[in-house]
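Q: Sequence:
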Amino acid sequence: MGDDAAVYDAEFKAYLTKNKWSKHFDYAPIDVIAPYCERDCVYAGMMLAVYERYIEETQQGRVWSTERAVTKVLWEMEHAGIGTDLEYARGQLVPMKERLEDVTSSIYGYSGYEFNINSTQQLNKVMGNLGVKSTVKTTKNNPSWAAQALAQVKHPIANAILEQRGLGKLVKDYFEKALEWEDGVQHASFKNWGAVTGRMSCANPNLHSVAKNPQDLSGDVDVALLAGAKAIVGGKAVGAKYSDETEGLVSVRRMYVPRPGYRLYMLDYSQMEMRIFADYVKDEVLSALCEDPLFDFHDHVAEQVWGVSKGDEMWDFYRFKAKGINFGLVFGMGINALSLAIDSTKDEAKRYKAEYFDRFPRAYEFIDLVSKTVEQRGWIRNRFNRRYWIDYDRSYVGVNYLIQGTGADIVKEAMVGIREFLVERDLMSRQLVQVHDEIIMEIPDDERELVLPVVMGIMEKRRIETYLPVEASVGGPSWAQKTVVELAA
DNA sequence: CGATCACGC
DNA sequence: GCGTGATCG
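This note's numbering puts the first residue of the first sequence at 607, with every later residue one more than the last.
Honestly, the hints are just simulated from the structure, not real lab data.
Be careful, since some hints might not be right.
Claimed, not checked - Computed cross-link-like contacts, DSSO-like style, restricted to lysine-lysine with a CA-CA straight-line distance of at most 30 Å: (1) K775 with K847; (2) K929 with K678; (3) K1088 with K783; (4) K836 with K739; (5) K775 with K797; (6) K678 with K783; (7) K778 with K836; (8) K818 with K836; (9) K847 with K783; (10) K783 with K739; (11) K775 with K929; (12) K818 with K775; (13) K818 with K929; (14) K783 with K797; (15) K703 with K731.
Make a model of the complete structure from these sequences and hints.
A: As structure tokens, then:
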């Protein structure tokens, strides 16, 4: 809008800061802030004209109209909020804090003195004293003590530190946070422009990072194993099924419950990113297989690349590698990150990847085309013409942007469609939360028969060629206890 | 305020 | 790969 506008903006913000009005604009007197707001609107209007032309030229009209429409959905979601079981939150905080104290003192027992466990530097010193060296480096080439590094450590302090960090986060970010809403309804903030790919972001609390696995507070391995955990790392019961009957397990998702008269429904796209990947790769066989809602992408890759079948001795081994490479490709992982993800050496990872591309040459061609286009042209567009400008030296992110962004646009369109249906029919059912490939809704029993099939139909509508099936679950009653819903044919 | 870590998809 | 948030120094 010109240099004078930028200067005005900078000078005015400095003026606000000087008068301690900068934290919130409404701290400033109205006669001070009003002219600024007025100019802000005028500039926004001028920018709209510029961008509307750009949107037209780049054919991003569909994305633009979805973004405007989804804003209403987000406002309604934020307004509705999500119900929380405050009794559960308050009740679990007591044993959680007790466990946290026990774990903390056990760490001090190992170190021989009290220190700030949250300080990586202080922790590094403690580990040095114990004669333990990290095999992993941070991005700034310092010794890393992240979970990945601690996994290599034999000393029992490693697991205790993992538990202290994980449990501490649950307590602070979710359980204590929950008490801030005294009426038991949390109103998180959603941003439809939160990520460059087109994904949303969420904050206060971040409902996109609510732990999926229950946390064991008993310290008794049997408790977690009984709940079906495949492993217990830092008290995290990986793969365990939460139940109120299992004493000693807590779940953040258990805190989220429907309000009176409603049930919670979770509508989940099955392997959405892998199916979108298949669509981009244009492998007809793969796309045909996606017509089966139960098709498992990782199983298929394991079978096709390494010739194993379920029940074989090597099945778990190759299924794990297949899943790792699949995610590695859509995330744009380098060979280093991939080798860590699939628990292999770099050379082995290279070989697995080569074998993968040998069987799926079109996957290689697609990835290669994307990075070459970024390097030569500087931009790419997803299935909805959403445009991404990417520096040539970051061309490896292109595949991820396309897949993640296409998924994001599909879910956004679905949310808009669901809202239109609910408004049109004047229904009580409502959308509460979106977690990238999942929509959480509250539906009264007498609307379920009507709403559920229509909502699933809206979500499954073909916006790309490949079928994207949705799985519906009902809360039992919370987000932690899901039961798959079978719709009558 | 950059770096580190943990959680999700 | 993309996020939010807490914490440290």
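Q: State for each hint whether it applies.
A: Cross-check of the supplied hints:
1. K775 with K847: Holds: K775 and K847 sit about 21 Å apart, inside 30 Å.
2. K929 with K678: violated, 37 Å
3. K1088 with K783: This hinted pair holds, its Cα atoms lying about 24 Å apart.
4. K836 with K739: holds, 28 Å
5. K775 with K797: holds, 23 Å
6. K678 with K783: holds, 26 Å
7. K778 with K836: Measuring from Cα to Cα gives roughly 26 Å; hence the hint holds.
8. K818 with K836: holds, 14 Å
9. K847 with K783: Holds, at about 24 Å.
10. K783 with K739: Measuring from Cα to Cα gives roughly 36 Å; hence the hint is violated.
11. K775 with K929: holds, 28 Å
12. K818 with K775: Between K818 and K775 the Cα gap is close to 13 Å, so the pair holds against 30 Å.
13. K818 with K929: holds, 19 Å
14. K783 with K797: holds, 20 Å
15. K703 with K731: holds, 26 Å
When each numbered hint is compared with the structure, violations occur for hints 2 and 10.
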